[in-house]
Structure formats: structure tokens, C-alpha cells
Amino acid sequence: MDATAIERTLGQACSAPVELLPLATCAELFVDIPSASLLAAMEGLMREHDLYHLTTITALRDGDGFLVLYHLWLGGGLTLRVRCSGAPPSLPSVCHLLPVAEWYEREVHDLFGIRFEGHPNLKPLLLPEDWVGPPPMLAEETP
Amino acid sequence: MTEMTIPIGPQHPLLKEPLSIELDVSGERVVGGRVNIGYVHRGIERLCQQRTYAQNTALVERICGICSHAHTTAYCQAVESLMGLAIPERAAYIRVLMCELERIHSHLLWLGVLAEAIGFTTIFMYAWRDREMILDMMEELSGGRIAHAANIVGGVRVDISPEQVELLLQRLRAFDEQMAFFRELIDRDRSFHRRTLGIGRVSLDMVHAYSMVGPPARASGCDVDLRRDAPYAAYSSLAFDVITADGGDVWSRAQVRLQETIQSVRLCQQVLQELPEGDLATRAPRRVAPGEAVARVESPRGELFYYVRSDGSDRPARVKMRTPTLPMLLALQYTLPGLETADVAAVIAGADLCIACADR
Amino acid sequence: MALERIIRWARKRSPWVLHFNSGGCNGCDIEFLDAITPRYDVERLGILKEASPRHADILVCTGPVTLKSRDRVVRIYEQMPEPKWVLAVGACACSGGIVAESYNVVGGVDQVLPVALYIPGCPTRPEAIVGGIVRLLEML
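Residue numbers (the numbering used here), protein chains in the order written: chain A, 1 to 143; chain B, 1 to 360; chain C, 1 to 140.
Treat the hints as calculated values from the structure; they're not laboratory data. Computed from a predicted model, the values in this text were never measured in an experiment. There could be a bad hint or two in this list.
[What the hints assert, rightly or not] A few chain B residues facing chain C, derived, Cβ under 8 Å:
id: 1; residue: Glu17
id: 2; residue: Arg46
id: 3; residue: Leu47
id: 4; residue: Arg62
id: 5; residue: Ile66
id: 6; residue: Glu132
id: 7; residue: Met133
Ideal placement from N, C-alpha and C gives every residue a C-beta, glycine not left out.
So that you can see chain A by itself, here it is in the shape it has in the complex:
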């Protein structure tokens, strides 16, 4: 995995320089990508770095917004970290680029309530169809 070349591709997609930071804890690279450049970043990686493996999409609460992590494998681990806020929170879907994202985005929608614009089938994946209540990962922690 050529980190410098990847930085160049992502920098072009975001129209601003980016920095690939190795985690202090393990051999994975993380990079922050603005949500508006997510699709361009994915397309750039697929075109120039032969990206085809999306491991999964992780969502987590961050302040009053969310961080959505796209974990990729390019011979080494690379994660795109995208900040997502708004009411309702939403991001562009990457299904048309990486078909396996169809289920990962449904899961994030189920558990966190984040919408993915352009997703063909955003119905519940894990929760029952008649689920009542807020997305379960957003419920307050009981002491």
C-alpha cells in the first residue's frame, strides 16, 4: 500500500491536501475526508489503487454528530473517517461503487438512524420491521 500515492489521490478528490495518519496503536492508516468528497475519494481509490474490498462501515457518536468510518483493505488497512451531522443526519450512499455497502449502510441506518442518499433499499436489516423507538445505539446508557 503506497501511502504517498494514496494521499495524492485523496488530496485530488478533496481538492485539499490530506494526511494519512497511522494509528498510534496498530498498523492501520486513518484519514479524515469531508462528507462532500466521499464519493470522489472512493472513485479515486477504485480507479488508481484498485480498491474493491470494503470491510465494513462503522458509525459512532461524536459530540452531537457522528463519525462514520469506511474500513477498506488495499493490501493494508485504510479507514476513511467522515464527519456527519444534520437533522436527520445523512451521507451519500456508496452502493453503486461498492455493492457490499448495501447491507453495511442498512445496518448503520438501523442502529444509528443515519440516512444514505441514493441507497436502493434502506429498510431494516437487523431490527424487526415493526421496531418502535429511537435507533438502539442512540438510547441513553442506563446506569
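Position chains B and C relative to chain A; hints supplied.
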């Protein structure tokens, strides 16, 4: 041509776990399919946030009974990365031993399930009978056949005495001889070939399109195995071959899994013969400084991914796991069309699905 | 009268079981299937694992009941002909187990069905499953 929808599951003799597959068939040909999961969703990710790092080891072990040790290995690795802990070498070797024994038991379990799905009940009985030899070995080491509790954050809980090393090497030799029967079966048995050879072909392009992992991906020619490409535990000190095939059909998947079992026996023998002296674990702190870590492990079904994030307390802020069955289920939905209805059983069984893993 | 005795005798010696996992990790499932394999061999007690609820006398339940599988497990029980018994195998089926307080778990099987016998364990050993079934047969 009569068109109808055949529901498979949630309760179905083919399935060991609740899963809903709706098959649209036209005559004898499948023309569409939908896979619905969620019957086994137990909200593990949220439960992890309510327990301490040490308590979560017992929880993630019970995400799946078949690959329980792979889950704890990946979880403990991620948490050890967060803590900046290096585990002792002896612990790394013992982790590999349990991982490989688990791989053997999982592949034999799968062979029995596939055989039962194609009506070859004798092989189900033989495979599960020989699998008992492996379960006995795991019980000898850890006290448990299925839930071993071998891993703790910082290392392992189980030790191996020199007498146990001799005993296990002896049993592995006996087991290896039993495997000759299954090699013969997959290479030569004509009824097995009629039900699996050429059935359910998946191309390398499909593997890439759906991010498929594990033995099915390797059976279509995808040369990725995390034990070699991103070694963890003690794999960088051990010699083994990565098995690939290029048929992409159910027979190739059987061939790959069987050869992997033979490689696993080889790995177990190396671990037992080269086991270094040392401690079993490094003491782990209760609280973890804020940070995030990722662990990827080659479980019996493929790439198992864990992401753990800490916030400075003694409970994780987020634990995310992605199990290998998830992309396989999505790929199944798109590879069912075109099959003969009678072959659906072999293809579903050949995919080695673990719904408990997928739903979490 | 004599017919009754013969039927009861036959039922005790050939109980057919249906296995349903309503949301478990499949640890108990594979130990239950293990009970059928040559080492433990419950078939010597006359037990056959059936494919359809309509052929079964005993419903062996593993795993906790999740929200999505709740209606299914009730429907399977209703499809079984009388007389019928439910066996809860494993800690999760007995009481919800390690995932009892999850948002998607209703609880153990006894939250939705009348359980005749509880066999604890996490996972339950095949010997315990065989022993439990023998206890149930003595109750028939």
C-alpha cells in the same frame, strides 16, 4: 412456466439457525432471491458498551459457538493494541494453536453439514465423529469443548504441560490418518462430485464485487489470507501454505477447506514442537486511555474485523465487529439466480454461513 | 385402555424432535447435533430429528427469543400436534443467558412457550442433553 416463491426458513431442515431466504423460481430454475437476517440479532455491540473490557471477552466469545476463539482473539488483539500491551511469545503460540484447532473443527463441522444437505448422511456422521478428536484436544487444553475461555486481555489463560504436548502430537497424528478418508472422498467419490462439481460457480470478479472473504473467495482464485498477508499472534514464525483453487464451485470450496485443515494440522504440530517458554499473560490495566484500534483475524470463514474505541474509562466507548458471513450472505442473494432449485441446498451449505456471526 | 397403554409405550420409545434456534450463538445447536452423531447417539433412545413441526413430539429450543423470532417460535409450536413438550437447552433458552438485557431479546423460551424441562449450560454438553431427554421421557 409456473412462477412461485419458495420460502426457506426461518425454520427449515437445511438451516441450523434462523435465516429467511425467499427464492423466486420459474419451473426448476431460480430467477431471484432475497435474504433477510436479524432473527439472531442480540445487540452485542451495545452490550459491549455496558461491560468492562475484561467482561466483554466472555460476551464476544458467545457471538458464535463455532468461531468463538477467533472472536476473542480479534477482540483481545484490538484491546491490547489500545493498551499498548505486547503479549508474551508463549501466549501468542498458544493462541495460534487454539485458532488452528478451531479451524479444523469448523471445517469438519461444515463438511458434515454440506454432506447432510446433499443427502450424504454417512459423511455427516463420519465427519462429526472425527471432529470429536479435535474437541477432546480443545477440552484437554482449556476445559471447554465449544466455549474455551482461552484468551484474556494480555495473553492466554491456558497452559500446556510437556505431557500434554506429547499427548496432543499423538492425537494429531491419529487425526491426520483419519483425514485421508475425506481426501479420498472429495477427490474420487462420484456421488459427491455429481452434487458439487460445477455447481454454484462464482467468478473472481464476483468475489471482488461483493468483497467476499475466506475459503469461498480463495476457491475462486482470490489469493488473500490474513495469516500470511497481515500476520498476527505467532503466524510470522510459522510455515504454512495458503490454499487457493480456481473452480469457484462448491467442490472447489470443499477442496480448499480440506486442504486448509491439513495445513492447520501442520501448524498445530509446529506450535507444539516449537512452543517457547515464558509467561502466559501480561497484566492489563483496568482503564484504557482514549484511542482507537483495529484488529483483523483470519477466522475459519474469512476476515474477521474488530474496531474498538476507548474514552478513558474502564468500558469501551464503541466495539464494532464485522464477521465474514455478512458479505457472503449478500453475495448469496446475488448468486442464487440461475441455479437449479435442486442445487440450492448444496450452494447454501457450501457457503458455510454462520448467521449468529452475521446478526450479532 | 389397552390401546392407551400401547400408544403411551410407543411414544416413550420413539420421541421425534424438532430443533429450532430462536436466536442463539449456535454453541448449543452444535452440541445438540452432536448428540445425534455416533459418539453420543440419541437415536438409540428412538429419537429422530425431524424436518417439520407436524411430525414432532418434542420441540428442542436453543437460544434466547429475539423480537424477530418470537412469532416464529410460537407458530412452530402451534403447528405441532398434541401431545407436545418443549425442551429449553442452554442458558439463553432457559433465561435469556448472557444477552438477557439486550434491546432485541425477549428472554428465555418460557416467555412465549410452556417449557417442560430446562437443561442449563453455556453451551450445554451433549451428555447433559441426552440426560435431559431421558428425564423428559420418564415424565411422559
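Here is what the structure says about each hint:
Of the supplied interface hints, the one on Glu17 of chain B holds, with its beta-carbon coming within about 5 Å of a beta-carbon of chain C, less than 8 Å. Evaluation of the Arg46 of chain B hint against chain C yields a held restraint, the C-beta minimum of about 7 Å falling below 8 Å. For Leu47 of chain B, the suggested interface contact is upheld, since its CB lies about 6 Å from the closest CB of chain C, less than 8 Å. Among the interface hints, the one on Arg62 of chain B holds; its C-beta lies about 5 Å from the nearest C-beta in chain C, closer than the 8 Å criterion.
Annotation: Ile66 of chain B was flagged as interfacial toward chain C, and the flag holds, the nearest CB pair being 6 Å apart, inside 8 Å. The criterion of a C-beta within 8 Å of any C-beta in chain C is met by Glu132 of chain B, whose closest approach is roughly 5 Å, and the hint holds. Violation of the interface hint for Met133 of chain B is found here, the shortest Cβ-Cβ separation to chain C being roughly 10 Å, above the 8 Å cut-off.
Violated hint: 7 only; the structure is consistent with all others.
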